[in-house]
Amino acid sequence: EVQLVESGGGLVQPGRSMKLSCAASGFTFNNYDMAWVCQAPKKGLEWVATISYDGSSTYYRDSVKGRFTISRDNAKSTLYLQMDSLRSEDTATYYCARHLLLQWPALGYFDYWGQGVMVTVSS
Amino acid sequence: DIQMTQSPASLSASLGETVTIECRASEDIYSNLAWYQQKPGNSPQLLIYDANSLADGVPSRFSGSGSGTQYSLKINSLQSEDVASYFCQQYNNYPPTFGAGTKLELK
Chain Y
19 EVQLVESGGG LVQPGRSMKL SCAASGFTFN NYDMAWVCQA PKKGLEWVAT ISYDGSSTYY
79 RDSVKGRFTI SRDNAKSTLY LQMDSLRSED TATYYCARHL LLQWPALGYF DYWGQGVMVT
139 VSS
Chain C
115 DIQMTQSPAS LSASLGETVT IECRASEDIY SNLAWYQQKP GNSPQLLIYD ANSLADGVPS
175 RFSGSGSGTQ YSLKINSLQS EDVASYFCQQ YNNYPPTFGA GTKLELK
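Keeping their order, the protein sequence lines are chains Y and C.
This note's numbering applies: residue 19 is where the first sequence begins, and numbers increase by one.
This note's numbering applies: residue 115 is where the second sequence begins, and numbers increase by one.
No lab work stands behind these hints, which were simulated from the structure alone.
Note that the structure is predicted; figures quoted are calculated from it, not measured.
Warning: the hint list may mix true and false statements.
Here are some, though not all, of the chain C residues that point toward chain Y, as calculated from beta-carbon distances under 7 Å [claimed, not checked]:
#, residue
1, 144
2, 148
3, 157
4, 160
5, 163
6, 176
7, 201
8, 209
9, 210
10, 214
With a Cα cut of at most 25 Å, we get these calculated DSS-like pairs of lysine-lysine [as the list claims (entries may be wrong)]:
#, chain 1, residue 1, chain 2, residue 2
11, C, 188, C, 217
12, Y, 60, C, 217
13, Y, 61, C, 221
14, Y, 60, C, 153
Every residue, glycine too, gets a C-beta built ideally from N, C-alpha and C.
From just these sequences and the hints, can you work out the full model?
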């Protein structure tokens, strides 16, 4: 059974940093591209970033470019999202998802999702 | 960015009824469309991909159709466990974008 378990969320002040993790199991992690998708409270879904199966390629939505870094450790079957210079508008639930790409950059759908982790940016 | 417009924003239906949710793209997305179901308090789950392909384990009462800029998700014989929000997502143009969602409730 595919499982994606996020951790690392919480309350953080504007301008500070936070790192999210996503532990994967039930599939061969290093065969799949992975992504982070967020959902602001009572709002819709928004793609954040995608990383290739081997970590060699990454892509970000414009609003997080230069502030967020997606990475992975295939030996540990773990996906990460380093979030720097956080803003109030980054407040959301962040989901780790397996991203089935048809083509780069980041064009594909998400076939498995984690339970999500809440990030609240507030002073 | 491609805008995905879903309608209706919410709807109320009875058990056993057939429900249709629409999704319109701001330009042709060549059937590169997925549908997700998000039950209250849960994460999204993939229902449909490539506009009309059923994801593994999804009941056959769910179906997708459409082409060009117009797509729809149909739920036959509505069950109580179908109460959820439904989102469409295009993956034809970068960046991938989602519709705002349709909240389905029981009448």
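Against the structure, the hints:
1. For residue 144 of chain C, the suggested interface contact is broken, since its CB lies about 10 Å from the closest CB of chain Y, more than 7 Å.
2. With a least beta-carbon distance of about 4 Å to chain Y, the hint placing residue 148 of chain C at the interface is held under the 7 Å criterion.
3. The interface hint given for residue 157 of chain C is met, as the beta carbon of that residue sits about 4 Å from the closest beta carbon of chain Y, less than 7 Å.
4. For residue 160 of chain C, the interface hint holds, the least distance from its beta-carbon to any beta-carbon of chain Y being 5 Å, beneath 7 Å.
5. Taking 7 Å as the C-beta cut-off, the interface hint given for residue 163 of chain C holds, the closest approach to chain Y being about 5 Å.
6. With a least beta-carbon distance of about 15 Å to chain Y, the hint placing residue 176 of chain C at the interface is violated under the 7 Å criterion.
7. With its C-beta approaching chain Y no nearer than about 6 Å, residue 201 of chain C sits inside the 7 Å limit, and its interface hint holds.
8. A cut of 7 Å between beta carbons decides the hint on residue 209 of chain C: the least distance to chain Y is about 6 Å, and the hint holds.
9. A cut of 7 Å between beta carbons decides the hint on residue 210 of chain C: the least distance to chain Y is about 5 Å, and the hint holds.
10. The interface hint given for residue 214 of chain C is met, as the beta carbon of that residue sits about 5 Å from the closest beta carbon of chain Y, less than 7 Å.
11. Pair hint residue 188 of chain C plus residue 217 of chain C holds up; C-alpha atoms about 14 Å apart against a cutoff of 25 Å.
12. Restraint check: the Cα-Cα separation between residue 60 of chain Y and residue 217 of chain C comes to about 11 Å, which is no more than 25 Å; the hinted pair holds.
13. The straight-line distance between the Cα atoms of residue 61 of chain Y and residue 221 of chain C is roughly 23 Å, inside the 25 Å bound, and the hint therefore holds.
14. Among the hinted pairs, residue 60 of chain Y with residue 153 of chain C is consistent with the structure: their alpha-carbon atoms are about 13 Å apart, no more than 25 Å.
Of the numbered hints listed earlier, those contradicted by the structure are 1, 6.
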